[in-house]
Amino acid sequence: MFDFPIFAMPLFGHRFIFAFDAIVHVFVSHAAVGGSIVLALAQYFAIKNNDRKFDELTYKILFTLFILATAVGALTGIGIWVHVNIINPAAIGALLRVFFWKWFVEWIVFNVEMILLLMFFLTWKSKPIGTPAKAGHFKLVVGYAVASWLTMAIITAILGFQMTPGNWLASEFPAKPDYLASLMNPSWLPSLGFRTFFAIIWASAGAIALSWFYGGDDLETREKGIRFFSKILYLSIIPMLGFGYWYYLQFPQAAKDLFVLGVITRRLAANPQLAVQVTLGLVTLVVVSSAYLFLRPKKAPMLAALALILGSGALIGEFERVREFVRKPYIIYGYMYANGIRVQDMPLLNKEGYLKQAVFLPPELRQITPENKVKVGEYLYLFECRYCHTVNGINSVKTRVKGWDEPTIYHRIGQLNSPATPYMPPFAGTDEERAALAAYLVTLNADSKN
Amino acid sequence: MQFNFIPNDIPLPIPTGGLEAVDVVLTVLLVVAWLVHILFINVLLGASTGSVYFNKRGARENNPVFDRVAYLLTTPVTVCENMGALWGVAPLLLVSVMFTPLFYAATIMNSPQWLHIIYGNIAAFLLSYLYKYTWHKLEHRKSLHLAIGTAAVALFLTLPLVFMATVQLYLTPTTWTGNTHFWDALFRADTFFRLVHFYLASFAVTGLFMMIYGTAKRKSDDEVTRQAGDVLVNTGKSWFLLPTLLNLFAGPLVLFQFPSYGIENFFNAGWFWLIILGVAAILGAAYLTVKDFFNPELSKGKLWSIVGLAFVTVLSMATLRHGMRLSLTSEAMAQAKTQSDEFVARSKTASDEAKTAPKAVAVATVSAGEAAAGKQGCLACHAVDQKLVGPAYKEVAKRGYTEQQIVDLIYTPKPSNWPDFAVPMPPQTQVPKAEAALIAQWISGLK
Chain A
1 MFDFPIFAMP LFGHRFIFAF DAIVHVFVSH AAVGGSIVLA LAQYFAIKNN DRKFDELTYK
61 ILFTLFILAT AVGALTGIGI WVHVNIINPA AIGALLRVFF WKWFVEWIVF NVEMILLLMF
121 FLTWKSKPIG TPAKAGHFKL VVGYAVASWL TMAIITAILG FQMTPGNWLA SEFPAKPDYL
181 ASLMNPSWLP SLGFRTFFAI IWASAGAIAL SWFYGGDDLE TREKGIRFFS KILYLSIIPM
241 LGFGYWYYLQ FPQAAKDLFV LGVITRRLAA NPQLAVQVTL GLVTLVVVSS AYLFLRPKKA
301 PMLAALALIL GSGALIGEFE RVREFVRKPY IIYGYMYANG IRVQDMPLLN KEGYLKQAVF
361 LPPELRQITP ENKVKVGEYL YLFECRYCHT VNGINSVKTR VKGWDEPTIY HRIGQLNSPA
421 TPYMPPFAGT DEERAALAAY LVTLNADSKN
Chain B
1001 MQFNFIPNDI PLPIPTGGLE AVDVVLTVLL VVAWLVHILF INVLLGASTG SVYFNKRGAR
1061 ENNPVFDRVA YLLTTPVTVC ENMGALWGVA PLLLVSVMFT PLFYAATIMN SPQWLHIIYG
1121 NIAAFLLSYL YKYTWHKLEH RKSLHLAIGT AAVALFLTLP LVFMATVQLY LTPTTWTGNT
1181 HFWDALFRAD TFFRLVHFYL ASFAVTGLFM MIYGTAKRKS DDEVTRQAGD VLVNTGKSWF
1241 LLPTLLNLFA GPLVLFQFPS YGIENFFNAG WFWLIILGVA AILGAAYLTV KDFFNPELSK
1301 GKLWSIVGLA FVTVLSMATL RHGMRLSLTS EAMAQAKTQS DEFVARSKTA SDEAKTAPKA
1361 VAVATVSAGE AAAGKQGCLA CHAVDQKLVG PAYKEVAKRG YTEQQIVDLI YTPKPSNWPD
1421 FAVPMPPQTQ VPKAEAALIA QWISGLK
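In the order they appear, the protein sequences are chains A and B. Just so we're aligned: 277 in the numbering used here is position 277 of the first sequence, and the numbers increase by one with no gaps anywhere. Just so we're aligned: 1131 in the numbering used here is position 131 of the second sequence, and the numbers increase by one with no gaps anywhere.
Isolated chain B, as found in the complex (with noise of 0.2 Å):
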């Protein structure tokens, strides 16, 4: 398969200090860090909107438990932003490495646009604070403090828009044309359905993480938490279950957008078997939350078993994910490596022809001034007998200034003598004295 457009690969080892071992550990490094990103990211998005969602239905209802579920959630709100950004570095680090000619080609392409995961991030971290730090203030100017709960989970909302874009992007570098932009990358139906595939998913994660914290919350000293803590395992549930069925059919629509080279390659290579192992695992995980839909009491083996069997599920996912990112860029890395290979060794023959090749000639016909005009860089705007930046040296000569006068318009010059010129010379106090009267002499000499 021939690629239109590939950048060549950076001239420069990837470190693994040539040992294969090491090719793993990135790998491992990429699959595991990537997972526990995305899963920070997930309740980012997920506890954010749940948040603002019972501080809303508390203030309608006048509701104190429902108002205390939604200040728990500002707590995970907290860590995940950090921990979700933290986390997002060393996928960052990675792929940056690992897939440095296609990535960098796609958040190129997509920017400015790309910017957006740096400022809108600070933003909505901004807005999430104020939202959780004047929680009491604002307690009874509601509709404000839900306004700024709003505009925080929205903006939160549309990072993944600029995530999902450059990801897709760099993944099908067949896509690509000399004018590809961040709007073509955001409004296909690969990213579309990615997308929705990804904001389902964070709430079904939030769904099993409201499970867990509502669990542990029910053991609190204070009654309301208790009951913020059942109000959360009860809403968990749905919010587990009804994304993840959606997801079932988004799945398949995710994985039939790619170019047919890529899921051909996936499926050659036995990464399906993912696919399916994560599709039952998630499968039993369901069906035990549905079982115990309606138990208030929702005990700690069950739901350990239904946690436990989710995160087969989101383990295989990130597995079969790497597998799909090697089945659409092995081809296009190998041809970078091999025309990066080609432009090194050109350049090694022409640097070392250059360093061979004889050095410019007639050094002797140039007089001293002359040279040192050169070497001082004033050839850069002047010349012997044409007008260029500044005048020609010729004409300097013509005006009949002593050889003195010439040394000091060289530190100071005169742009009032020649207003014929754009640009006013500026001072050139970086000329040695005794090369100053050597340019001098040189010049007054032409005629």
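The shape of chain A in the complex, shown without the other chains (with noise of 0.2 Å):
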């Protein structure tokens, strides 16, 4: 069994704190990869129309970037992995195996983007516009684009590999990868599409937003500002939907079909029609918003702004729940189950038992008398379900088996990945091991029914 000692954590549980690093990995990220792009572009138009104050105005959107790339970028960038090193090790070591060359250019890609991210920074105040100098200064940022972007095309295909592997496994027993089908997913050159524009567009949305803060009294340069960076959003917006659609059509029926719980959580199944009406509030809310920036850039308020960031932020983090939620129950499609158990090993655990091949479970557990069932059965919950449930915090399972007497949790145990809840994993093991988990379950509630 590929399991590791256990972590817990409490209250928030593992979707939240991995959530909470990610999401703010995407957000700066694209920032940084659309940033770089969007830069590079203003660059180019400040030197040919030798506009000083525009260039002013680049150089501290630059800023702005540099901090917030290399302080949280990079290191919440990171901490995903270090996230699912903790979370879910089973999944990360698989997907390190498979990807790791491709991981390794990555980081070589990475270097370059840095090391000409730095010396751009940090060489930008000696090579002023109107010299020479800064035809080669414009060079590193060109580069620094370009980097940037291979990066984000190399993660793309890791991301692609979970949702659709193809046929990667050349064999299943020893499994033997196949690299580069791992690579050529099916999902990664449509997903890279769809990324780079919308990357692009969430950060012109930032440059937007950030001219209007720069751009201060100084009105012209705020108008010059958030009329180029607009530009670059409207352009985007086209070939992001073309590729969306592209990427839509990769995902498998079953995904496919959890889309509309993935924007609208369980809680709010039974209105559906709120994720349509969610989605498009937020588009409106970006339509409007930067409708009004690009036509009245003098006087649209401090409140458009923000209007026009909150609304495109709020539009990413829920593209990225909703590509995260409909992979499940799966972690790596197909092959892993969400809570790191291989689908080819559930025979086994069936038959054996799960506890049997726990490494990290006193001894003294190993076999289930009436004394110890609910101590193991509190193992299992370990074991397999807090991945995705804390007890009493978020996703909380003894919410979820309240009012449940122990023959109904056992009943439903054994049924976990059925129509009602196609994203859970079935339960893997026996059906001792079952009746354990359900009679730990059922003391959940125990104080409460008094």
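I should point out that these hints are in silico values taken from the structure, not numbers from a laboratory. There's no promise every hint is true.
With a straight-line cut-off of 25 Å between C-alpha atoms, the simulated DMTMM-like cross-links for lysine to aspartate or glutamate are [to be verified]:
#1 Lys-299(A) with Glu-56(A)
#2 Lys-1137(B) with Asp-55(A)
#3 Lys-1137(B) with Asp-217(A)
What you are looking at is a predicted structure, and each value in this text was computed from that prediction instead of being measured.
Assembly of the complex is requested from the two constituent chains, each provided in isolation within its own frame, with the hints serving as guidance.
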């Protein structure tokens, strides 16, 4: 069994701590990749027109991007990996072995990106606009943009692989990965195109808002900035939608069926129309605020700039949530369940039991007895359920089983992957272990009954 | 040697293409990338401390040269924090692939504290940027500025605690229990001595860096910067010497805190020659520094001799460190591999059996309605004659609904009809019309 020591994040749960780091990373990294392209265009424009003020505005935007990208973006990127490493080591262990050399290449490109960014940023002041040195300096940002896009290209391949691994396994036992097939998985290119353009849109939205702030009293510069970045934003919408549709077509049908639930959470499942309403509402917010800023750049209030950031940020958050949600019950589609159990190990675990394979289990709990049944059940909860649930915090299992008696819980555990909860992996283990898990879960609400 | 708690290895091959040469490449990459990472981190810790120290001295003595030294040190801090983090990724990647069971187990035991390397680092980065980019703005509010700088340094200095606890833990699987945690690992003698050795080395390496950096700054067009260069070179000498001498005592303490089987393997494999080489080279570097300690002119030739000798030491230390890693982990890794190979083989047998086993019997005895109820997930919560999450279907049938009413209730449940149940039934919109009709027919037929 590929289990590791147990770390269970109390109250917040694994999903939350991971999502926190990941969503921060998504915001900053897409701003950095899109920003590198947007900044290169802005520099080209400033140099071509020898526009000192626009150049200054570009520097201020770069400064913000530099702080965010290096302090928050790079570290939360490493953070994604560090979080998965403690949350789902079996999954990241598998991904690392399939994608090792691609990751290694990504690291080299990341080096180039970081060095060019450092050089571009730290030498800006010594290469002022209007001097011949500026042209050489401009090449740094072009290189930076190319390198940062390449890092995105490789990471996107890994995300695409998790959803649509394609025919990556040349053999089941012992598993031989087909490294080329894993890279060229069906959703890689469409999702890369989709992400490229939404990153440009997101960075443009950020640059528009920053033009508003840094423009200050200089309304001419503010107008110039807002108009320039708005044009980039508008031009990217059609390609983003095109790639987005192509990307959508790649999802497995079971994943497509979960889209609505992915937007609105299980709690609101009774009102599926909310999914469309929320999305359309956010799109409207983005359209209205960006149009206002574009048409009346000198007049538009700060609220419009904030609404643009908020609306587009929320849409990105929604997309990432849906993408993560619809992959369930898998973490690598068809290969490994969200709780780190490989699909192909299910028959063995159902036959011999989970406990027999578990390494980090106190030896006295390997045999289920009437006395240790509840304790064993708690370990089974930790082994199989803690990946998504907490006991009494977010997605609390205590609330899920409230009001159920032990036979009901036992029955329900046997049906986890049914169409009632298609996003849950099946329970892995013997009948006796299933009963032990039920015995533990029923104790969670024991006190509230009296 | 038998280890009580060793996770299985990941059941996928290490991506060497089966070539032994690639294994060697991975090892060289690990040693080199790790060394580069550590050198950046050494200078990060030393230079950020040095910057705050000279900033404070400059303010107290009203000395613009010290202030300049402090400001000059912020550039290597920016470069080293970024490059240090970046070059930490490669060793992390390599150790994660080459020593997966041990390294992952240790990081998990040390969680959630392990996440400090992300969040503590982000906070330290932001504080160090704040410190650097408010240098002129806070010129007249020095105590605030120093407080920001001190907070950044203090945070940076906490990161090695988490790293070292994890490194020591993964190298020594003999110490694992079912319940080992971060604080157990942190407050161990081996972790303590390694931290002492590491912090001292950070200042020694920064001392060398200051000598190089100061020599470069001596050529500046600016008078104050030139004087700052002198200060850097002189400070560098003592920062290099003192910690280096102390580390001659800390080093053996580090070595002999490892489990005896590791030390035995280490000596038997001949790795100790690298200790001798490293100590000899660093003594040479220290001797050259002492000789010119009071000589304000440190010639280029002498400077690079010192740095070259010290580089021999760090390179041999980085290599022997890998030797110790192998000495400590080879047996545990072999056990992990045996365990997982055996598991995969059993899993294959079970999976083959399941594939060839005859499918569950008696499809004919199940009515079309009951089959649809199973397929659509109804039976996750309902049973025919047992109260589960929802009422038994026989109870539903007793209420005498028409088939159309039951179909409607599938799509729009009315939990108010069943006040005794804790979970309200969600609308089952995924059920196709035709199957809903079959299910309704089946339920109403249950008596």
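Hints and how they fare:
no., hint, result
1, Lys-299(A) with Glu-56(A), "holds, 22 Å"
2, Lys-1137(B) with Asp-55(A), "holds, 23 Å"
3, Lys-1137(B) with Asp-217(A), "holds, 21 Å"
When the structure is compared with the earlier hints, no violation turns up for any of them.
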